[in-house]
Amino acid sequence: GAGVSQTPSNKVTEKGKYVELRCDPISGHTALYWYRQSLGQGPEFLIYFQGTGAADDSGLPNDRFFAVRPEGSVSTLKIQRTERGDSAVYLCASSSWTGSNTGELFFGEGSRLTVL
Amino acid sequence: KQEVTQIPAALSVPEGENLVLNCSFTDSAIYNLQWFRQDPGKGLTSLLLIQSSQREQTSGRLNASLDKSSGRSTLYIAASQPGDSATYLCAVSGNTPLVFGKGTRLSVIA
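Going line by line, the protein sequences match chains A and B.
Quick note on my numbering: the first sequence kicks off at 34 and runs consecutively.
Quick note on my numbering: the second sequence kicks off at 1162 and runs consecutively.
Just so you know, the hints here were simulated from the structure itself, not pulled from any lab data.
Even for Gly, the Cβ is constructed at its ideal location relative to N, Cα and C.
Treat the hints with care, since some could be wrong.
EDC-like mimics (lysine to aspartate or glutamate), calculated; alpha carbons at most 16 Å apart, straight line [what the hints assert, rightly or not]: (1) B:K1229 - B:D1188; (2) B:K1263 - A:E77; (3) B:K1162 - B:D1188; (4) B:K1203 - A:E142; (5) B:K1162 - A:E77.
FRET-style restraints, in silico, Cβ to Cβ [stated by the list, open to error]: (6) B:G1177 - A:G49: 52 to 60 Å; (7) A:P94 - B:A1240: 39 to 47 Å; (8) A:T109 - B:E1217: 33 to 41 Å; (9) A:S60 - B:K1203: 17 to 25 Å; (10) B:V1174 - A:G86: 44 to 52 Å.
So here's chain B without its partners, still in its complex pose:
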């Protein structure tokens, strides 16, 4: 059974810092990995999708990497802003539909 773990559970950083969120999964037989953002009381917004054949994806200040063999992904956020404050969720798709981690709650302090 696929299990997804996200570390840290919560993170607080001053504005302008670069930061890394970590995601690990137990079954490396995945089709893709997605990173989502969730604001309080809201649904999920897709940030990046990495296919299993890819190593990384970039969108603006966000860069996600995937190391399928070791079961890890990282989300790198450059020059963090207060508007980046949210919960970031990692999810993997394999023989079952998307399996989510519990998320990392990020606070960027002005």
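Okay, chain A solo, but in the shape it has when bound:
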């Protein structure tokens, strides 16, 4: 596609529910990143994929968070047993670079998650 696409744009759920957020990166981009942004803060790194594998998942806050990218393109961020503190905007980005240097990242519009 022309840019990074994220769905849903908005998600409201109840505490304890399971949520999936989807990211469709720019076609051909091998690297995919998930970030989380709370109000008034900069984005916080969650996980990074190079191809199908998670190259760095050190930012995932706990084991309720999990992400997959089974075919090296679309990625899904999964949150189990949601808590009110999970409320934030979840941003996805992609890059054509490989290796440690991230190159230029292109971000989607984000998925705003609200946990009631």
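Given chain A, put chain B in place with the hints provided.
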């Protein structure tokens, strides 16, 4: 652990002024530095990418400089316009993926 600080947190200027946004980082072992723009409720738009071997990058009215040894970058905006109003974020890439500052919220008053 890399930490990125942006000063000021907010800035309000009259239209037409030239302005400078500041970014500092604690670990100078970086691969590159990026400046982004974020409009309210929107994602991030990449403005400029400076590789660690470069000193500056220019795009239109924007100029970003990098002093890796001192851990600083500046974003210079010339002849500011109301359409420049947004939050500007600085991020550095090193041994970990991009680490962001909290941003500078810019308001350009017509």
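Verification of the hints:
Of the pairs offered as hints, the one joining K1229 of chain B and D1188 of chain B holds, with about 9 Å between alpha carbons and a cut-off of 16 Å not exceeded. Proximity of K1263 of chain B to E77 of chain A is assessed by CA-CA distance (about 10 Å); at most 16 Å being required, the pair is judged to hold. Under the criterion of a C-alpha separation no larger than 16 Å, the hint pairing K1162 of chain B with D1188 of chain B is consistent with the structure, at around 8 Å. Straight-line distance between C-alpha atoms of K1203 of chain B and E142 of chain A comes to about 5 Å, which keeps the hinted pair within the 16 Å bound.
With a C-alpha separation of about 13 Å, the suggested pair K1162 of chain B and E77 of chain A falls inside the 16 Å cut-off, and the hint holds. A C-beta distance of roughly 53 Å is found between G1177 of chain B and G49 of chain A, which places it inside the suggested range of 52 to 60 Å. Between P94 of chain A and A1240 of chain B the Cβ separation comes to about 43 Å, which falls inside the hinted range of 39 to 47 Å. Distance hint check: the CB atoms of T109 of chain A and E1217 of chain B are about 39 Å apart, consistent with the given range 33 to 41 Å.
Here the CB-CB span from S60 of chain A to K1203 of chain B is close to 22 Å, well matched to the stated 17 to 25 Å. Separation of V1174 of chain B from G86 of chain A is about 46 Å and conforms to the stated range, judged on CB atoms against 44 to 52 Å.
Hint check: no violations occur; every hint is consistent with the structure.
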